[in-house]
Amino acid sequence: MGEPLLEVIDLRVHFETDDGLVKAVDGISYTVERGETLGIVGESGSGKSVSSLTVMGLTRARNARISGTVRFDGQDLLTASDEEMRAIRGDDVAMIFQDPLSSLHPFYKVGKQIAEAVRAHREVSKAQAWDRAVEMLGLVGIPEPRRRAESYPHEFSGGMRQRAMIAMALANDPKLLIADEPTTALDVTVQAQILELIERLQSEFDTAVVVITHDLGVVAEMADEIAVMYAGRIVEKANADTIFAAPEHPYTWGLLSSIPRLDSPRGEELVPISGRPPSLINLPGGCSFHPRCPYVREAHKRVDPTLDEVPADPNHLVACLLAPEVRRQLWSELRTGVAPDEARKDVMTEEEVA
Amino acid sequence: MAAYIARRLIWVVFLLFMITLITFVIFSVLPSGDPAVLRAGRQPSPQLIESIRHQFGLDKPKPVQFVNYIGDILPFLGHNGFYFGFSYQNQTQVLPEILNRLPNTIFLTVGAVLLWLSIGIPIGMISAVKTGSWLDRLLMSVALIFISAPVYFLGLVVLYLFADDIGKFPLLPGNSAYSQATTFWQKGEALIMPWCVLAASFAAVYARFLRGNLIDTLQEDYIRTARAKGLSERRVLFRHGVRAAITPIVTLLGLDIGILLGGAILTETVFNIQGIGRYAYDAITNSDLPVIQGTVLFGAFFIVTMSLIVDILYAFIDPRVRY
Chain X
1 MGEPLLEVID
11 LRVHFETDDG
21 LVKAVDGISY
31 TVERGETLGI
41 VGESGSGKSV
51 SSLTVMGLTR
61 ARNARISGTV
71 RFDGQDLLTA
81 SDEEMRAIRG
91 DDVAMIFQDP
101 LSSLHPFYKV
111 GKQIAEAVRA
121 HREVSKAQAW
131 DRAVEMLGLV
141 GIPEPRRRAE
151 SYPHEFSGGM
161 RQRAMIAMAL
171 ANDPKLLIAD
181 EPTTALDVTV
191 QAQILELIER
201 LQSEFDTAVV
211 VITHDLGVVA
221 EMADEIAVMY
231 AGRIVEKANA
241 DTIFAAPEHP
251 YTWGLLSSIP
261 RLDSPRGEEL
271 VPISGRPPSL
281 INLPGGCSFH
291 PRCPYVREAH
301 KRVDPTLDEV
311 PADPNHLVAC
321 LLAPEVRRQL
331 WSELRTGVAP
341 DEARKDVMTE
351 EEVA
Chain F
355 MAAYIARRLI
365 WVVFLLFMIT
375 LITFVIFSVL
385 PSGDPAVLRA
395 GRQPSPQLIE
405 SIRHQFGLDK
415 PKPVQFVNYI
425 GDILPFLGHN
435 GFYFGFSYQN
445 QTQVLPEILN
455 RLPNTIFLTV
465 GAVLLWLSIG
475 IPIGMISAVK
485 TGSWLDRLLM
495 SVALIFISAP
505 VYFLGLVVLY
515 LFADDIGKFP
525 LLPGNSAYSQ
535 ATTFWQKGEA
545 LIMPWCVLAA
555 SFAAVYARFL
565 RGNLIDTLQE
575 DYIRTARAKG
585 LSERRVLFRH
595 GVRAAITPIV
605 TLLGLDIGIL
615 LGGAILTETV
625 FNIQGIGRYA
635 YDAITNSDLP
645 VIQGTVLFGA
655 FFIVTMSLIV
665 DILYAFIDPR
675 VRY
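The listed protein sequences derive, respectively, from chains X and F. Residues 1 to 354 in the numbering used here are what the first sequence lists, from first letter to last. Residues 355 to 677 in the numbering used here are what the second sequence lists, from first letter to last.
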């Protein structure tokens with residue numbers, strides 16, 4: 001195993017804006033081992049994209065205050081020069097984005113854009129880069145790649161465009177692929193194909209993958225480890241199996257309960273998480289999830305939870321002020337389909353109710 | 355594409371016809387001096403006026419006059435070549451006079467275009483890349499000044515300062531220089547000030563426009579992708595950013611060229627350049643209908659043609675556009 005490929009330690013990314021200091025990422029830590037998959041799950045505004053863009057060095061704007069450590073393959077990325085980061089981007093670390101139509105330049109042929117990525121990092125001729133582009137398009141399952149490389153992005157379908165983006169990202173055989181909402185803009189059936197493609201390429205080239213999504217279903221199969229982010233912090237992190245079998249954070253419970261199920265009876269209401277994501281300028285005091293938490297106590301409004309290990313499982317971290325036994329009891333109720341309010345009444349004593 | 359061009363050409367013909375008609379109607383309706391009287395000179399006798407009227411075909415009903423005019427313009431309708439009539443003011447034929455003056459207008463236009471592009475585009479790019487900096491603010495303030503200053507004002511100021519006959523700092527040929535210049539280089543030198551004056555406000559407009567466009571373009575997702583690929587910032591800016599941001603400027607440029615070829619009236623007047631604009635201006639002052647119609651037709655032709663060229667060009671620049 002050796003050293004992890006990517007180590008993020010207490011990363012903070014704050015943006016100074018006219019409206020105030022936006023704490024997009026407020027102290028997160030995670031690691032990604034070589035060849036493994038990490039899923040980062042959270043709503044819009046949770047900081048999941050910003051953290052990955054920062055790893056790539058794409059948030060070095062004038063008003064950004066970045067602190068912490070990001071170590072990739074032994075090199076500290078936050079203190080690396082712009083030129084060093086440019087050399088890493090697209091070569092050792094690659095990223096694909098949510099909307100492949102707007103993420104590809106409309107005026108250039110697809111093959112040209114892939115070849116451009118190759119020539120940015122390899123001393124090859126235009127013809128060789130073009131061949132590599134065609135090879136990659138074939139690898140991602142695009143039929144007639146040599147002909148298709150001459151097409152423009154708007155001439156591809158959504159799924160093919162995302163495949164092309166993956167081809168472009170993997171053209172230089174990166175050690176880490178960051179996929180930011182790779183399937184959100186696609187039809188469901190195409191989503192499955194794309195995820196399958198990423199998995200296949202990952203095992204073929206031993207690439208580590210970070211999948212960022214708001215959809216737990218997307219990472220259910222792919223991820224080895226899942227980190228749940230809320231309001232710029234990681235609120236729970238565990239093996240993928242544990243997250244689905246024995247989650248311990250009310251937000252994770254909410255995410256799981258809100259997934260519509262194929263086998264639920266017709267007409268059954270969806271169970272959303274009430275409320276909205278908080279402003280990253282004016283975070284709620286104490287636990288940042290407390291305004292939306294069905295199990296909130298008075299103390300939770302003042303005390304900031306820390307990310308601690310769960311008693312039985314050192315790989316499972318959760319940031320919640322509820323006692324572990326309480327959490328386990330609540331989950332055992334919720335997983336049988338009991339509504340959150342009912343579960344709370346059953347498990348928790350009613351003193352100190354918020 | 356060929357079908358599109360054919361359709362557009364038909365539209366061009368139709369537009370030019372409509373413009374000619376409208377011009378004719380306007381000047382028929384406006385109260386202006388009777389051209390025959392103007393032509394006749396001092397204290398004309400009624401017979402003289404009548405004979406002049408007949409000579410110019412002014413005694414025929416208006417619609418007939420119009421039809422005759424159209425027939426004369428088009429070649430092969432009973433006579434050879436294009437015939438644009440005689441100026442009411444002097445006996446010169448309109449078409450040769452326009453063609454005589456056209457090179458001057460073209461020279462003025464081409465020089466100004468090259469100048470404003472080479473100033474405006476770099477400034478627009480610098481401002482966009484360094485948005486919010488003191489340099490950006492300075493450049494945009496200067497641009498605002500040049501947009502606001504009218505051409506004739508700027509022209510007179512420049513003459514006052516730099517003309518070698520009357521200026522404070524005699525550097526450049528004064529405003530009679532162009533009409534007196536003979537060689538190409540002399541003419542070019544005489545045009546330096548007009549070029550600067552004409553280019554000033556256009557450069558400012560283009561700089562501001564490109565700045566806004568480029569700032570928006572640099573927010574696009576494909577710019578983020580280009581950076582994520584590890585491309586150099588220079589390549590991202592030029593090949594990805596400017597390449598996308600410049601397309602509306604091509605359209606704008608085409609139209610501006612079309613308009614200027616129809617005559618930069620103010621510049622030509624201030625600097626005494628015998629171009630189409632000056633010709634038109636004089637004709638309007640003298641209610642010289644054939645000249646007005648001729649210059650309007652030329653101007654419209656240039657604008658409409660440049661518009662067509664630019665639209666076709668757009669299809670080559672932006673592959674998403676298909677006709």
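No lab work stands behind these hints: they were computed from the structure. All values derive from a computational prediction rather than experimental measurement. Even for Gly, the Cβ is constructed at its ideal location relative to N, Cα and C. A couple of the hints might just be wrong.
[To be verified] Ranges between beta-carbon positions, derived for each pair:
no. : chain 1 : residue 1 : chain 2 : residue 2 : range
1   : F       : Tyr-677   : X       : Glu-150   : 17 to 23 angstroms
2   : F       : Ala-356   : X       : Ala-87    : 33 to 39 angstroms
3   : X       : Thr-69    : F       : Arg-674   : 41 to 47 angstroms
4   : X       : Leu-262   : F       : Ala-356   : 41 to 47 angstroms
5   : X       : Glu-83    : F       : Leu-468   : 32 to 38 angstroms
6   : X       : Ile-281   : F       : Glu-587   : 45 to 51 angstroms
7   : X       : Asp-73    : F       : Arg-588   : 22 to 28 angstroms
8   : F       : Glu-587   : X       : Ala-192   : 34 to 40 angstroms
9   : F       : Tyr-668   : X       : Ala-127   : 26 to 32 angstroms
10  : F       : Thr-446   : X       : Glu-150   : 38 to 44 angstroms
11  : F       : Leu-667   : X       : Val-124   : 43 to 49 angstroms
12  : X       : Glu-83    : F       : Tyr-668   : 35 to 41 angstroms
13  : X       : Glu-199   : F       : Arg-588   : 32 to 38 angstroms
[To be verified] Below 20 angstroms or equal to it, Euclidean Cα-Cα: the simulated EDC-like pairs (lysine to aspartate or glutamate) are:
no. : chain 1 : residue 1 : chain 2 : residue 2
14  : F       : Lys-484   : X       : Asp-18
15  : X       : Lys-112   : F       : Glu-404
16  : X       : Lys-112   : F       : Glu-587
17  : F       : Lys-484   : X       : Asp-82
18  : X       : Lys-109   : F       : Asp-672
19  : F       : Lys-484   : X       : Glu-16
20  : X       : Lys-109   : F       : Asp-518
21  : X       : Lys-109   : F       : Glu-574
22  : F       : Lys-484   : F       : Glu-574
[As the list claims (entries may be wrong)] Sample of chain X residues facing chain F (criterion: CB under 7 angstroms; computed from the structure):
no. : residue
23  : Ala-61
24  : Leu-283
25  : Leu-321
Exercise for the section: Against the earlier hints, flag every one the structure doesn't satisfy and list their numbers going up. Expected result: 2, 4, 6, 10, 11, 15, 20, 23, 24, 25
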